[in-house]
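Asks: Each chain is listed here by its residues.
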Amino acid sequence: MSNAIAQQRGLGAMIWDYITTVDHKKIAHLYLVAGGLFFLIGGLEAMIIRIQLMQPESEFISAGLYNEMITMHGTTMIFLAAMPLIFALMNAVVPLQIGARDVAFPFLNSLGFWLFLFGGLLLNVSWFTGGAPDAGWTNYAPLSTTSPGHGVDYYVMGLQISGAGTLIGGINFLVTIINMRAPGMTYMRMPLFTWTSFITSVLILFAFPALTVGLFLMMFDRMFGSAFFDVTAGGNEIIWEHLFWIFGHPEVYILILPLFGAFSDIISTFSKKRLFGYSAMVFATVLIGFLGFMVWAHHMFTVGLGPIANSIFAVSTMAIAVPTGIKIFNWLFTMWGGSIKMTAAMLWTLAFIPSFTIGGMTGVMLASAAADYQYHDTYFVVGHFHYVIVGGVVFGIFAALHYWWPKMFGKVLNEKLGHIAFWPFFVGFHLTFFIQHFLGLMGMPRRYWTYFEGQSLATGNMISTVGAFLMAIGTLVFLYNVVYTAIKEPKASADPWDGRTLEWSIPSSPPFYNFKQTPLVRGLDPLWIEKMEGRKGVTPAEPLGDIHMPNGSVLPFLMSLGLFIAGFGFIYQVDNNLWYIAVAIGMGLTLGSMLTRSLKDDLGYHIHKEDLIEKGDGK
Amino acid sequence: MKGWIGKLRPVFIFSVLALFLAGCGEDNLSALKPKGYGAELLLDLMMISIAIMLFVFVIVMAIYTFVLIRYRRRKGEEDYVPKQTEGNKSLEVIWTVIPILLLLILAVPTVQATFDLADDSGKSADDAITIEVTGNQYWWHFNYPDQEVSTSQDLYIPAGERVYLDMTSSDVIHSFWVPSIAGKMDTNPGGNENTMYLEAYEEGVYWGHCAELCGESHSLMDFRVVAVSPEEYDQWISDMQNIDPEATPETQSAQDGKAAFENSCMGCHAIGNSPAGVGPNLSNFANRTKIAGILDYNKENLVNWIMDPDEYKPGNKMQGYNVSEEEAQQIADYLMQLDHSEVTPESVSSSEEE
Amino acid sequence: MSHEDVLNPNQLPHDPEKATLEGKNKFIGFWMFLGGETVLFASLFGTYLALVRSTSGENTPENLFGLELVFIMTMLLLTSSLTSVYAMYHMKNHDFKKMQLWLGITVLLGLGFLGCEIYEFYHYIHEYGFTFRSSAFGSAFYTLVGFHGGHVVFGLSWIVALMIRNQKRGLNLYNAPKFYIASLYWHFIDVVWVFIFTVVYLMGKVG
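Residue numbers (my numbering), protein chains in the order written: chain H, 1 to 619; chain E, 1 to 354; chain P, 1 to 207.
Calculated directly from the structure, the hints in this document are not laboratory data.
All residues carry an ideal CB built from backbone N, CA and C; glycine is no exception.
Just so you know, not all the hints are guaranteed correct.
Residues of chain H placed beyond 12 Å of chain P at every Cβ, according to the derived structure [claimed, not checked]:
{"id": "1", "residue": "G10"}
{"id": "2", "residue": "L11"}
{"id": "3", "residue": "I41"}
{"id": "4", "residue": "I48"}
{"id": "5", "residue": "A104"}
{"id": "6", "residue": "G149"}
{"id": "7", "residue": "F208"}
{"id": "8", "residue": "K411"}
{"id": "9", "residue": "E415"}
{"id": "10", "residue": "M462"}
{"id": "11", "residue": "I473"}
{"id": "12", "residue": "E489"}
{"id": "13", "residue": "L520"}
{"id": "14", "residue": "L558"}
{"id": "15", "residue": "G586"}
Short, incomplete list of chain H residues facing chain E, as computed with Cβ under 7 Å [unchecked claim]:
{"id": "16", "residue": "I238"}
{"id": "17", "residue": "P307"}
{"id": "18", "residue": "G443"}
As a list, the in silico DSBU-like pairs of lysine-lysine whose alpha-carbon atoms are at most 35 Å apart [claimed, not checked]:
{"id": "19", "chain 1": "H", "residue 1": "K411", "chain 2": "E", "residue 2": "K83"}
{"id": "20", "chain 1": "P", "residue 1": "K92", "chain 2": "P", "residue 2": "K168"}
{"id": "21", "chain 1": "P", "residue 1": "K98", "chain 2": "P", "residue 2": "K205"}
{"id": "22", "chain 1": "E", "residue 1": "K89", "chain 2": "H", "residue 2": "K536"}
{"id": "23", "chain 1": "H", "residue 1": "K536", "chain 2": "P", "residue 2": "K24"}
{"id": "24", "chain 1": "H", "residue 1": "K600", "chain 2": "P", "residue 2": "K97"}
{"id": "25", "chain 1": "H", "residue 1": "K536", "chain 2": "H", "residue 2": "K341"}
{"id": "26", "chain 1": "H", "residue 1": "K609", "chain 2": "P", "residue 2": "K97"}
{"id": "27", "chain 1": "P", "residue 1": "K205", "chain 2": "H", "residue 2": "K600"}
With the sequences and hints as input, model every part of the structure.
Replies: Below you can see the structure in the form of structure tokens.
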């Protein structure tokens, strides 16, 4: 219905369509565009950081601005780039992989996106209103509670709003995967990407509330005079560190797990082989998710928790290397005996394996509590987490985008440009971050605005900056590829990669109801099974009938807008009580929209059988 | 195959380059050139972990390389369908058990070292040296409570002895790090006091950093650890105990400087034994290694610093003291003759400080 | 299932709250949400326990808390949980009027609880000068108990809104899941209060 309107009118209608859409495929587009934009902003901040550090005693930017840059780079990349890009992939792929027509809560899905976007916007408005947050992305108290200006207030409100969106998204995917699977799609037949999305959603559900509480306490301390982190009134600044890392460590796995899943699907497809050790892979995923909650204090080895706590957390952290190792070996053995096709998606995946292995190795080194007294808060740590986050998450996002681009946009990204984008990024990545391990051990703490001549740190930093430029070039080529593909490339077929899972059994891009008839799943890699038995598509599980679809709604947008307005009110009521008016307006808008949602019937609509037949195969 | 060589090349080249070009970093700064007990213990631990990790990495890369060469799809193989293997139980067991064993090998020395570095049983001995370290935005205060001696920025310790530090902060969280002697430990405000110990093997002037983001001048919060012989250390302590803050300087300019100092500076800066105040303790200022921890020690820098501290350490608390250039010169003269001890960084036999 | 079927109050299966896919989704989704809420309150409890000794002056838990009032509050809330069970029992038997009645009683008990809590806070602030800002303990106390109170306010508004909206048209497959999860929410609030009663008040008085 909403589709039809969009076709009739022009750009305005398309914007309205996207604002009100509850279609998971369109929400995936929204996440991708917004996340991509924040990725570019975060990348720009990274380039400014690297230019500042290119030479010793440089004054390219001031120390205060530098702290804002590092804070916003970290916060943007984690919360506003990596998270939404993962949600883009999950939205685009998970319902298709399990044979569902939509997610469990289409309305909440849209709400999750708009909350994230308005939270991210609020955070970035701080650049224009007197200074961005400057206490690091970890925002440790009391540096954060005493930071002058409103920067940290923006951090608190922005993350609170976008965090709520993430939590809602996580619940939505949990229920989708539990309840919406097609007949025959048992848990142990789910594609790995769906499995890892499932575990990631569990982690989101149990990790984000800790951040929510931390942010509330921070908000109360900064805006309402409470004393949680104020040592002069009996507060304790370490509470923030605990709450932040109880959230923060699972967050790392929230980011990487879905991409482990994507790599599994990609390796399996382009090796033309069933995933080696499927059940071991699932088990390892669950185990990583579980262990992810018991290791947070390894970020706090130098806080002074004592040798007993440090030892326990050291050993539990090392334990995570075991399931991760299982995954690496299973990927290698999936390729073993296969027929490996070197597509751009596969290239990023193959680059991931050694890069992430190095990141995992330095991770085990960092887990060694005593040795961490040297590594902690130095460039060694910076090198380590960029190896896992860039070498794992970013490589994974590039790989997954190349792989699923035809499903998302109906066209295959140009392969040649894909290869051209890969090499500078890959070489630049290692140039930038490998040397940083050594810089750290040579005595360069992280978050340093500058360093001095005569410390033997200049060469390493120069190399690192050169690498950063190469990564920027790779990113630009990828962007060019996106535009080029949109203009020049032909429409993709339903199954351009000889795929194995359900998403490749329907057209690229899929019709808005996804599956005309719900498919019947007869095993792992259902499409592959059908192909091997000589069939063209997947056997349907039901006769052709009416399809029930949800209505679009503008309410999610309005709710999020309300919180955005209220956010400003909360930030500035400290200066002037009149700002409570903004709080009232914003909260009124949000709560009013919620009430409307609760009281107004929204039963959706049906696509009639006759209309489905008319459209032929939907191609 | 171009692909996998290309992937390995940067890793290899730059590990070699990094080691050759930088040569493990600067003496007395780099954790890779340990000059003390903690740093040496930790470097050994790093080496164990690197050895284990390299072992794993080599195996992974061997399989990876083999697979990519052997099983890459060749021309004419487009329709080939490989055997669809489900998995292999014994392989799964192998790559679960062996990593567990390797990690156990690493876990044992890790736990040992963690407890070793937390061992403060020697602290209660009669002759044990305990120093109170206070982190401040953006300088360090050192108190020797048993000896009733105070100083800032340069921490004097006897070489070859274990020195215990009681660490807190007066404002935000800092982290005390002397990479070439020991690891780091956070200094927390409020009740969360930490302890660690330093043991420098040889005399020397060692670089120290703040390692926890603490504000604008986080990167400028350097300090030095001056390890001298035990005899010189005793000499230094007794010199420091005998400071007369009221002593009249010799030159006229320094005398005027003293007056100006008492007028403008003494509210925050103490000379002689004092707890951590608003600004650094200036005892023995004539023998400091650096001005404000970062500037080369000479009169010109000192005058500039007094005139416009924010230029050199943005966000520091020495703001709004408008002294004239003349006064600044006099104050500099006064401070630079505060030569309270014969033991100086120069008395360190192996000092390589530039 | 057509829209008419969904909205028809005369055609209800035995478990109307879980009869539709939307209902099942809501049911599981809400349990998940409560899982997240558990972590939220666990974090608040942790913070409270870390700061409970950071008092200022005479305003310690021992001096402040009066168990009589808290006991009454506990009884009110426990009873309201029971009455909401009755309401759900009548929903399963398709007796809309009795369901509304028991929900109404639940709301009244909840309001009673809220009144006591407001009195309690007022009392602390005006008799003892014990506020949100007076010490870290004060901040932690008002935050933990206040978060719970906020949940009570939200729960009450939600149930009242549902009652008014559906007053005229009765129970159907569309609103049954809504009533059901609202009552789940109410139970959760009750469980959290049991922990607050134990950890904050009893341990505060005894420990």
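Asks: Each hint needs a verdict: does it hold in this structure or not?
Replies: Hint-by-hint comparison with the structure:
The non-interface label for H:G10 is consistent with chain P: the shortest C-beta to C-beta separation is roughly 32 Å, beyond 12 Å. Every beta carbon of chain P lies more than 12 Å from that of H:L11, the smallest distance being close to 33 Å; the non-interface claim holds. Every C-beta of chain P lies more than 12 Å from that of H:I41, the closest at about 29 Å, which supports listing it as non-interface. Non-interface call for H:I48 relative to chain P: holds, since the shortest CB-CB distance, roughly 35 Å, exceeds 12 Å.
Its closest Cβ contact with chain P, about 4 Å, brings H:A104 to no more than 12 Å, contrary to its assignment away from the interface. Once the 12 Å rule is applied to beta carbons, H:G149 is consistent with being away from chain P; the minimum gap is 22 Å. The beta carbon of H:F208 is not kept farther than 12 Å from every beta carbon of chain P, the shortest such distance being approximately 7 Å. Distance to chain P confirms H:K411 as a non-interface residue, since its nearest Cβ pair spans about 33 Å, more than 12 Å.
Listed as outside the interface, H:E415 is consistent with that label: its C-beta sits roughly 40 Å from the nearest C-beta of chain P, beyond the 12 Å cut-off. With a least beta-carbon separation of about 44 Å from chain P, H:M462 lies farther than 12 Å from that chain, consistent with its non-interface assignment. Every beta carbon of chain P lies more than 12 Å from that of H:I473, the smallest distance being close to 42 Å; the non-interface claim holds. No beta-carbon of chain P comes within 12 Å of the beta-carbon of H:E489; the shortest separation is about 38 Å.
Listed as a non-interface residue, H:L520 keeps its Cβ farther than 12 Å from every Cβ of chain P; the least gap is roughly 18 Å. The claim that H:L558 lies off the interface holds: its Cβ sits roughly 18 Å from the closest Cβ of chain P, which is beyond the 12 Å cut-off. The beta carbon of H:G586 sits about 17 Å from the closest Cβ of chain P, which is more than 12 Å, so the claim that it is off the interface holds. Evaluation of the H:I238 hint against chain E yields a held restraint, the C-beta minimum of about 6 Å falling below 7 Å.
With a least beta-carbon distance of about 4 Å to chain E, the hint placing H:P307 at the interface is held under the 7 Å criterion. Taken as an interface hint, H:G443 checks out: its beta carbon lies about 4 Å from the nearest beta carbon of chain E, inside 7 Å. Distance check on the hinted pair: H:K411 and E:K83 sit about 31 Å apart at the alpha-carbon level, within 35 Å; holds. At roughly 19 Å between alpha-carbon atoms, P:K92 and P:K168 fall within 35 Å of each other, so this suggested pair holds.
For the hint linking P:K98 to P:K205, the alpha-carbon distance of about 41 Å lies beyond 35 Å, and the restraint is violated. Under the criterion of a C-alpha separation no larger than 35 Å, the hint pairing E:K89 with H:K536 is consistent with the structure, at around 34 Å. A C-alpha spacing of about 34 Å is found between H:K536 and P:K24, which places the hinted pair at or below 35 Å, so the restraint holds. The straight-line distance between the Cα atoms of H:K600 and P:K97 is roughly 22 Å, inside the 35 Å bound, and the hint therefore holds.
For the suggested pair H:K536 and H:K341, the alpha carbons sit about 23 Å apart, so the restraint of at most 35 Å is met. Between H:K609 and P:K97, the direct Cα distance comes to roughly 39 Å. Violation of the 35 Å bound is thereby established for this hinted pair. Distance check on the hinted pair: P:K205 and H:K600 sit about 47 Å apart at the alpha-carbon level, beyond 35 Å; violated.
Consistency note: the structure conflicts with the earlier hints numbered 5, 7, 21, 26 and 27.
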